[in-house]
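*Asks:* Same order as they appear, the protein sequences are chains A, B and C.
The first sequence runs contiguously to residue 271 in my numbering.
The second sequence runs contiguously to residue 271 in my numbering.
The third sequence runs contiguously to residue 271 in my numbering.
If you are wondering where the hints come from, they were derived from the structure by calculation, not from laboratory data.
Mixed in with the good hints there might be a few duds.
Copies of the same chain look alike in the list, so a pair counts if it works inside one copy or between any two.
[Stated by the list, open to error] Listed next, the in silico SDA-like pairs over lysine to any residue satisfying Cα-Cα at most 25 Å (straight line): (1) Lys77 <-> Asp260; (2) Lys76 <-> Val271; (3) Lys269 <-> Val151; (4) Lys76 <-> Arg96; (5) Lys77 <-> Arg256.
Each chain, written out:
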Amino acid sequence: MLGELLDNVRQRHPLIHNITNYVTVNDCANILLACGGSPIMADDIGEVEEITALCGGLCVNIGTLNARTIPAMLCAGKKANELGHPAVLDPVGAGASRLRTDTALRLLDQVRFAAIRGNISEIKTLALGSGSTQGVDADVGDAVTADTLEETVRFAKGFALKTGAVIAITGAIDIVADGDRAFCVFNGRPMMGSVTGTGCQLSALTAAFVTANPDRPLEAAAAAVCAMGVCGELAHARLGGLDGNASYRNYIIDAMYRLDGDTLEQKANYKIV
Amino acid sequence: MLGELLDNVRQRHPLIHNITNYVTVNDCANILLACGGSPIMADDIGEVEEITALCGGLCVNIGTLNARTIPAMLCAGKKANELGHPAVLDPVGAGASRLRTDTALRLLDQVRFAAIRGNISEIKTLALGSGSTQGVDADVGDAVTADTLEETVRFAKGFALKTGAVIAITGAIDIVADGDRAFCVFNGRPMMGSVTGTGCQLSALTAAFVTANPDRPLEAAAAAVCAMGVCGELAHARLGGLDGNASYRNYIIDAMYRLDGDTLEQKANYKIV
Amino acid sequence: MLGELLDNVRQRHPLIHNITNYVTVNDCANILLACGGSPIMADDIGEVEEITALCGGLCVNIGTLNARTIPAMLCAGKKANELGHPAVLDPVGAGASRLRTDTALRLLDQVRFAAIRGNISEIKTLALGSGSTQGVDADVGDAVTADTLEETVRFAKGFALKTGAVIAITGAIDIVADGDRAFCVFNGRPMMGSVTGTGCQLSALTAAFVTANPDRPLEAAAAAVCAMGVCGELAHARLGGLDGNASYRNYIIDAMYRLDGDTLEQKANYKIV
Chain A
-1 MLGELLDNVR
9 QRHPLIHNIT
19 NYVTVNDCAN
29 ILLACGGSPI
39 MADDIGEVEE
49 ITALCGGLCV
59 NIGTLNARTI
69 PAMLCAGKKA
79 NELGHPAVLD
89 PVGAGASRLR
99 TDTALRLLDQ
109 VRFAAIRGNI
119 SEIKTLALGS
129 GSTQGVDADV
139 GDAVTADTLE
149 ETVRFAKGFA
159 LKTGAVIAIT
169 GAIDIVADGD
179 RAFCVFNGRP
189 MMGSVTGTGC
199 QLSALTAAFV
209 TANPDRPLEA
219 AAAAVCAMGV
229 CGELAHARLG
239 GLDGNASYRN
249 YIIDAMYRLD
259 GDTLEQKANY
269 KIV
Chain B
-1 MLGELLDNVR
9 QRHPLIHNIT
19 NYVTVNDCAN
29 ILLACGGSPI
39 MADDIGEVEE
49 ITALCGGLCV
59 NIGTLNARTI
69 PAMLCAGKKA
79 NELGHPAVLD
89 PVGAGASRLR
99 TDTALRLLDQ
109 VRFAAIRGNI
119 SEIKTLALGS
129 GSTQGVDADV
139 GDAVTADTLE
149 ETVRFAKGFA
159 LKTGAVIAIT
169 GAIDIVADGD
179 RAFCVFNGRP
189 MMGSVTGTGC
199 QLSALTAAFV
209 TANPDRPLEA
219 AAAAVCAMGV
229 CGELAHARLG
239 GLDGNASYRN
249 YIIDAMYRLD
259 GDTLEQKANY
269 KIV
Chain C
-1 MLGELLDNVR
9 QRHPLIHNIT
19 NYVTVNDCAN
29 ILLACGGSPI
39 MADDIGEVEE
49 ITALCGGLCV
59 NIGTLNARTI
69 PAMLCAGKKA
79 NELGHPAVLD
89 PVGAGASRLR
99 TDTALRLLDQ
109 VRFAAIRGNI
119 SEIKTLALGS
129 GSTQGVDADV
139 GDAVTADTLE
149 ETVRFAKGFA
159 LKTGAVIAIT
169 GAIDIVADGD
179 RAFCVFNGRP
189 MMGSVTGTGC
199 QLSALTAAFV
209 TANPDRPLEA
219 AAAAVCAMGV
229 CGELAHARLG
239 GLDGNASYRN
249 YIIDAMYRLD
259 GDTLEQKANY
269 KIV
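The task is simple: from the sequences and hints, build the whole structure.
*Replies:* Right under this line is the structure:
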């Protein structure tokens, strides 16, 4: 089933409008191309509505947000809603500064997202809705592991119900949930955390999958999460004795370029709860 | 002849001022270094005139333009004109939003460019001069293929005559024209379209070639286009079974680093019409 | 001794706040991850104080400075001082425009830096304090070579004394000095100059080393400089016949990912004067 969702991305070439950070933007563009999508990056308020209208989906990433781009994010998000285009939110660093937390909360308040992808700290910051400034990991619990899985699944489903968005919490185990069901995904490798932007790439990918599979947002987001994890595994198997995180970065994107629906189908490792 | 133009880049080390997008800027810097040039990126209006004056040539790329950088682009372009430095325009996404189209038209109106490089949609948007907002491919004809070659050559020559710039239209077949003559270039590989920023890199490269060969802008731009295509071919031949678009990106820049005049001379595949 | 300083980075995982340029930011993030640190990039004045407070150290790089980010740099630097967090300055292009020179001088005037890393031209521009606009290499002497080493060491020690910062001047030979002692570092390869951002990466690395080794800023900065040079050598040894500057870029970061304290200890090539 997940394989078919990737095939749809490859056949429908969704054009994705990215308002994203300048740290990982090149990798986001290349992984979108790798999966069969097509990227446009545009963040000026004078053009974001038109660019969103031109595209099939939108990905808003607050990784290097600033006073100029925040209104553009809100504006693009509203336009996407108006047109019925799926929008994905990556609340990078929500909880690390008041500006990030407040911006993420404003986006949540004013825009309906098809999916929200972040780590457990970022998502909990959104769910607590406090707007208070905290350290990246403060007050937001531990990594998602076998022990905390059940509790985190319950939390993710609840937040999905509240927001109407598919919630993707990525970490050692990834959880992708709507109000009813959750995919617990066991793909991926710890070394992915040593490559800057694997989370950002996954958010862009999620936008492509959700856009190409508009009727199945939960499955589409789960397919994106599995695909990223499978590529992390395939790329890891390719690492030679001198390779480090820079080559790993390239190999992950390479693996996405080569990934087909059958391989995703075979290698995706998840359970639905 | 084209080989000599590359040799000139390697000997003269042209310093290129880039006002460019944040998606592909790192690759633009590395391909400039790879060809023997040297990059400076600077986009604040408080310094662009000085930076342009310091450099031999200018490359203006509107890929992630914004309200802050547009005046800087105009300002740098005028300074380059004043000093007789060649300026290159890459009208990324002209036609995709009114802001992009209008900015490209303002740049064309206020700055004399030595060369303009874009895809057929972008260049046609500039030539129509409509300023109306269109989809990336709307109203701007098909890809350049054997069937449409003659017509596109005529169009390119006409637009070159009108603007005084060498016009480089890149696609399946690339056309590089001044008012009199056109190089039709058959180098390159379709997979280059799966790497973000090969067009941006080519524009930066064109600035380096035109700057190092000031008396022959047509031949210099054609040499840059052939060099990029040849590197796309050499890099493609190097791809292994696990490589995808990320490794291809690196191999293209690597190939430029290794390219010498003789190889360019031998592998350049073009006709002049 | 230097090996231990790297081990401390790997054990203490310093979180580094980077206000840096958009050209090389991705490589800065990946090399910080490679050495065992952790990067956060944030440049909006509305959040830089909080982000600096959250981190252990700060790296300010003026490579693509603009009117919006300059106040953020000053603000973050003052906050780092207030909290006793080490701050590193990379005065990219000081001397190339009045804006860069003036900004670097303002930063020097208002912020106490633990370390300043630049090429000889940039550092001399700061030391002359002229604020006049010059070409990148004008009036600022030659590359650091065996012939000019003694004089440059004297200059570096003097400037270290004046600023209270460790001064790292990188080039064919690198000099890392406080008011008393200087490390002359002979590691590295000339081809590192063909990769955009090796200097920026080294500045980020220096911030990580100084943050993880707060009591030994001179040795920490020297260890960072040696580590970068050693990685440049290891990566160079790995280059195949088709590799160029793009693969070299990746191999350098890969080498940092694999570098351990013993290897750094064995391969570091320096004398203390």
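*Asks:* Taking the earlier hints as the rules, which of them does this structure contradict?
*Replies:* Result: hints 1, 2, 5 break, sorted rising.
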